[in-house]
Amino acid sequence: MDYDLTLYQVSPRLAETVIARIGEFNRGRTTVNGCYAISVATAYRPYYAFWRFFPNVEIPLFIRTLAVTFDMAAERAFSLLQNCNVKLEVFDNRVFECYYGQSEDFVPFGKYRGKRLAEVYYIDPSYVLWLANKFVPSLKRYEPLVVLAKEFARVHFELTVQKRRVSSVSHNVGQVGERLKELFLTVLNVRLQVDIYKPDFYVDQYILAADRDGNRFTFFLKAGGRSLSPNVLSCHTRKVIAHEMLHLASAKVISHYESRGVRYTRLGYVKLL
Numbered sequence: 001m002d003y004d005l006t007l008y009q010v011s012p013r014l015a016e017t018v019i020a021r022i023g024e025f026n027r028g029r030t031t032v033n034g035c036y037a038i039s040v041a042t043a044y045r046p047y048y049a050f051w052r053f054f055p056n057v058e059i060p061l062f063i064r065t066l067a068v069t070f071d072m073a074a075e076r077a078f079s080l081l082q083n084c085n086v087k088l089e090v091f092d093n094r095v096f097e098c099y100y101g102q103s104e105d106f107v108p109f110g111k112y113r114g115k116r117l118a119e120v121y122y123i124d125p126s127y128v129l130w131l132a133n134k135f136v137p138s139l140k141r142y143e144p145l146v147v148l149a150k151e152f153a154r155v156h157f158e159l160t161v162q163k164r165r166v167s168s169v170s171h172n173v174g175q176v177g178e179r180l181k182e183l184f185l186t187v188l189n190v191r192l193q194v195d196i197y198k199p200d201f202y203v204d205q206y207i208l209a210a211d212r213d214g215n216r217f218t219f220f221l222k223a224g225g226r227s228l229s230p231n232v233l234s235c236h237t238r239k240v241i242a243h244e245m246l247h248l249a250s251a252k253v254i255s256h257y258e259s260r261g262v263r264y265t266r267l268g269y270v271k272l273l
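Per the UniProt record's numbering, residue 1 is the first one in the sequence shown, and the count goes up by one each step.
What the hints contain is simulated information worked out from the structure, not anything from laboratory work. Be careful, since some hints might not be right.
Only pairs whose alpha carbons sit at most 35 Å apart, straight line, appear in this in silico DSBU-like list of lysine-lysine [claimed, not checked]: (1) Lys181 / Lys271; (2) Lys252 / Lys181; (3) Lys252 / Lys198; (4) Lys150 / Lys140; (5) Lys239 / Lys252; (6) Lys198 / Lys222; (7) Lys140 / Lys198; (8) Lys198 / Lys271; (9) Lys181 / Lys198; (10) Lys181 / Lys150; (11) Lys134 / Lys111; (12) Lys115 / Lys150; (13) Lys140 / Lys115; (14) Lys239 / Lys271; (15) Lys198 / Lys134; (16) Lys134 / Lys115; (17) Lys115 / Lys181; (18) Lys181 / Lys140; (19) Lys239 / Lys222; (20) Lys222 / Lys150; (21) Lys150 / Lys134; (22) Lys181 / Lys134; (23) Lys271 / Lys252.
Label-pair distances were calculated between CB atoms; the ranges are [said to hold, decoys possible]: (24) Val95 / Lys150: 21 to 29 Å; (25) Arg226 / Asn56: 29 to 37 Å; (26) Val146 / Leu273: 49 to 57 Å; (27) Asn189 / Arg13: 23 to 31 Å; (28) Asn83 / Ser229: 40 to 48 Å; (29) Pro55 / Arg13: 34 to 42 Å.
Owing to the predicted nature of the structure, the values given are computational and were not obtained by experimental measurement. Every residue gets a Cβ at the ideal spot worked out from N, C-alpha and C, and that includes glycine.
Work out the full structure: start from the sequences and follow the hints.
Spelled out as structure tokens, the structure:
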């Protein structure tokens with residue numbers, strides 16, 4: 001992580017919080033295949049952007065803008081990278097200044113003539129995948145565009161398809177029936193689910209979380225009371241949000257299972273601190 005940042009209109013407290021959350025998000029992620037990066041906003045570029053650094057490629061790939069605030073940019077990067085175990089970094093915008101003016105990424109033909117490849121990927125990724133995999137350049141000046149399209153195709157594969165890379169860092173934890181203690185887990189996803197064995201609406205939270213080594217856990221947090229709707233938590237229930245750090249005082253291993261190559265440990269009798 002590059003901490004030598006010039007943050008535009010960001011309080012030190014917010015910056016510290018966001019950087020800490022990025023550190024938690026990166027647990028179990030790797031830079032073996034390069035990294036993704038957030039470029040910070042400036043007075044002249046008042047937005048945070050999303051980039052990809054590939055190994056042995058000098059020029060980083062601009063993918064898209066994220067947001068105009070640091071915390072929202074981080075949240076969108078977390079969402080984009082939820083199925084990818086490549087590390088997320090933050091760099092000062094001066095790292096990227098010399099790359100904004102490049103012209104190789106303009107599409108010189110077809111229905112998207114005059115648009116940048118990043119724009120085309122945002123609105124029509126299938127066109128960029130066609131350029132990467134099926135288009136045969138008739139002129140030498142089109143070849144750099146095809147190279148960039150192949151980089152976007154790799155990004156597309158990492159962000160939307162390649163879930164098995166995440167599984168390489170996930171292992172079953174403990175033995176069935178064993179009680180685990182002092183678990184610190186980062187919440188990856190929360191889904192509301194009505195307890196069908198109770199009358200009215202008792203809305204539980206189904207949690208997907210990971211420890212610092214990338215091992216995946218699933219468990220329920222039971223409703224603290226009755227809700228008026230199946231889509232709303234009771235006011236007596238502790239609400240859990242994505243990317244939050246949970247401290248489990250204890251939990252029992254109910255089972256182990258595997259889905260799409262990812263290994264999970266199902267927990268029960270969860271006690272939070």
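(request) Compare the distance between the alpha carbons of Lys140 and Lys115 with 35 Å, and conclude whether the hinted pair is satisfied. (result) holds (19 Å)
(message) Need the status of pair Lys222, Lys150: alpha-carbon distance at most 35 Å?
(response) violated (46 Å)
(message) For a C-alpha distance cap of 35 Å, please report whether Lys239 and Lys271 respect it.
(response) holds (15 Å)
(message) Next pair to validate is Lys252 with Lys181; report whether the Cα-Cα distance is within 35 Å.
(response) Roughly 9 Å separates the two Cα atoms, so the pair holds.
(message) Run the distance test for Lys150 versus Lys140: straight-line Cα separation, threshold 35 Å.
(response) holds (16 Å)
(message) Check whether the Cα positions of Lys271 and Lys252 lie no farther apart than 35 Å.
(response) Answer holds: Lys271 to Lys252 is near 10 Å, not above 35 Å.
(request) Note whether the CB distance of Asn189 and Arg13 lies within 23 to 31 Å or breaks it. (result) The hint (23 to 31 Å, Cβ to Cβ) holds, given that Asn189 and Arg13 are roughly 27 Å apart.
(message) Lys150 and Lys134 were given as a pair; does the straight-line alpha-carbon distance stay at or below 35 Å?
(response) holds (11 Å)
(request) Quickly compare the C-alpha distance for Lys239 and Lys252 to 35 Å and report which way the hint goes. (result) Within the cut-off at roughly 22 Å; holds.
(request) For the pair we were handed, Lys239 and Lys222, check the Cα-Cα distance against 35 Å. (result) holds (11 Å)
(message) Between the alpha carbons of Lys140 and Lys198, is the straight-line distance 35 Å or under?
(response) Roughly 68 Å separates the two Cα atoms, so the pair is violated.
(request) Mind checking the alpha carbons of Lys198 and Lys271 for me, to see if they're no more than 35 Å apart? (result) Holds, because 21 Å separates the two Cα atoms, which is no more than 35 Å.
When the structure is compared with the earlier hints, violations turn up for hints 7, 10, 15, 17, 18, 20, 22, 25 and 28 and for no others.
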